[in-house]
Amino acid sequence: MDLSAINNETNKVYGKSKLLFDKVMHFCPGCSHGTIHKLIAETVEELGIQEHTIGVSPVGCAVLAYDYIDIDWQEAAHGRAPALATATKRLLPDKYVFTYQGDGDLASIGTGEIIHACNRGENITVIFVNNAIYGMTGGQMAPTTLDGMKTSTTPAGRSHITSGFPMKIADMLALLPGVAYVTRQSVDTPAAVRKAKKAMIKAFKSQELKRGTSFIEFVATCPSGWKMTPVEANRWMRENMFQTFPPGDIKDLI
Amino acid sequence: MRGSIDVSIDLCKGCAVCIAACPTGVIALSSAVNGKGYNYAAAVNPDKCTGCTNCAIVCPDAVITVYRTKV
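From first to last, the protein sequence lines are chains A and B. The first sequence begins at 1 in this note's numbering and counts up by one. The second sequence begins at 1 in this note's numbering and counts up by one.
Simulated from the structure, these hints should not be mistaken for laboratory data. The beta-carbon is built from N, C-alpha and C at its ideal position, and this holds for glycine as well. Some hints could be false.
[Said to hold, decoys possible] In silico negatives: residues of chain B with every beta carbon more than 12 Å from chain A:
(1) G25
(2) S30
(3) S31
(4) A32
[What the hints assert, rightly or not] Distance windows between CB atoms, simulated:
(5) A/H116 x B/V71: 54 to 62 Å
(6) A/G157 x B/D47: 46 to 54 Å
(7) B/D10 x A/H78: 19 to 27 Å
(8) A/N7 x B/P23: 16 to 24 Å
(9) A/N119 x B/V71: 54 to 62 Å
(10) B/K36 x A/L3: 24 to 32 Å
(11) A/Q243 x B/D47: 39 to 47 Å
(12) A/Q50 x B/V71: 34 to 42 Å
(13) A/I161 x B/D47: 53 to 61 Å
(14) B/D47 x A/T229: 23 to 31 Å
(15) A/K198 x B/D10: 48 to 56 Å
(16) B/N45 x A/H116: 30 to 38 Å
(17) A/L64 x B/D10: 18 to 26 Å
Pulled out of the complex, with its shape left as it was, chain A reads as follows:
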């Protein structure tokens, strides 16, 4: 059968979301951020809420998220995305407001903001991308770096004696009564991506129900920072990160 006979709009089963701009993402090859951006675009498109969604982008690799997804965006100071999202949601309660934050943003400089936003039960969605490293600045140790993991600032491996243990943000936030939904997902395999999309749709919909904060942690890779190929990084993540950060729902009150 001739391929040109198949490749037409009628037979199209999967393509780039209309909400993604044509601009090429600046992320390194194989970076999980790209897949997660794509999931946000697909979720917003599927729910038909493009005109009603406001994202808050972080400081870190995902700082340019507003250049890639065709919705309204704000850019927060480092770690302060939940505070900005709080104000946005309170002023515009009918909008879907979400923050997109990495582990250097949310789990380090912004720990206070996220804990208090969740404790107040702000009706927002938080997308937390945890790749256990500071990707943008050159692969330094982050609060979520695994015990024994080598980074540019822990060349002999992180030691919990001097640097503490990897911080389990999602488990900590699940304890707060204001939080309605906490889940941990990944985007390393097609099955994981499909599951993550369902979780993201659920998290956005929980804003309609006004149940409190919805929190999705993505266990993600940083192939450049980890100094691995993208496929190796995905394998390494499954073998090592999943022990400390196992995927699955942690809390579900929706």
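Fit chain B to the supplied structure of chain A, relying on the hints for placement.
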């Protein structure tokens, strides 16, 4: 089912995540490079494609479009 993929060559970064995701071994990295200098993903066994969309779903840069039809 008969499937087919269309890769936006200029946008592909050659991360090869799609190759690991393809259950039928349709995709491989090309020996040629694109404008960015990456060995891009190419359908080397197009006849084996079932149009399952796995490759496109894991693609971080959304460069793969999948078509499927009943034969």
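The hints, checked one at a time:
Remark: the non-interface label on B/G25 is consistent with the geometry, its nearest Cβ contact in chain A lying 14 Å away (cut-off 12 Å). In this structure B/S30 is separated from chain A by more than 12 Å, as the shortest Cβ-Cβ distance comes to about 14 Å. No Cβ of chain A approaches the Cβ of B/S31 within 12 Å, the least distance being about 17 Å, so the stated non-interface status holds. With a closest Cβ-Cβ approach of about 17 Å to chain A, B/A32 is found to remain outside the 12 Å limit, as its non-interface label requires.
For the pair A/H116 and B/V71, the beta carbons lie near 58 Å from each other, so the given range of 54 to 62 Å is met. The beta-carbon spacing between A/G157 and B/D47, approximately 47 Å, falls within the hinted interval of 46 to 54 Å. Range check, B/D10 to A/H78: about 34 Å between beta-carbon atoms, so the 19 to 27 Å window is missed. In this structure the hint that A/N7 and B/P23 lie 16 to 24 Å apart at CB holds, the actual value being about 21 Å.
Checking the proposed 54 to 62 Å range against A/N119 and B/V71 shows it holds: the Cβ atoms sit about 57 Å from each other. Between B/K36 and A/L3 the Cβ separation comes to about 25 Å, which falls inside the hinted range of 24 to 32 Å. Remark: the range hint 39 to 47 Å for A/Q243 to B/D47 is upheld by a beta-carbon distance near 41 Å. Checking the proposed 34 to 42 Å range against A/Q50 and B/V71 shows it holds: the Cβ atoms sit about 36 Å from each other.
Here the CB-CB span from A/I161 to B/D47 is close to 57 Å, well matched to the stated 53 to 61 Å. Separated by about 28 Å at the C-beta atoms, B/D47 and A/T229 satisfy the suggested range of 23 to 31 Å. A hinted range of 48 to 56 Å for the beta carbons of A/K198 and B/D10 is inconsistent with their spacing of about 32 Å. Taken as a hint, the range 30 to 38 Å is violated for the pair B/N45 and A/H116, whose Cβ atoms sit roughly 54 Å apart.
In this structure, A/L64 and B/D10 meet the distance hint of 18 to 26 Å, their C-beta atoms being roughly 20 Å apart.
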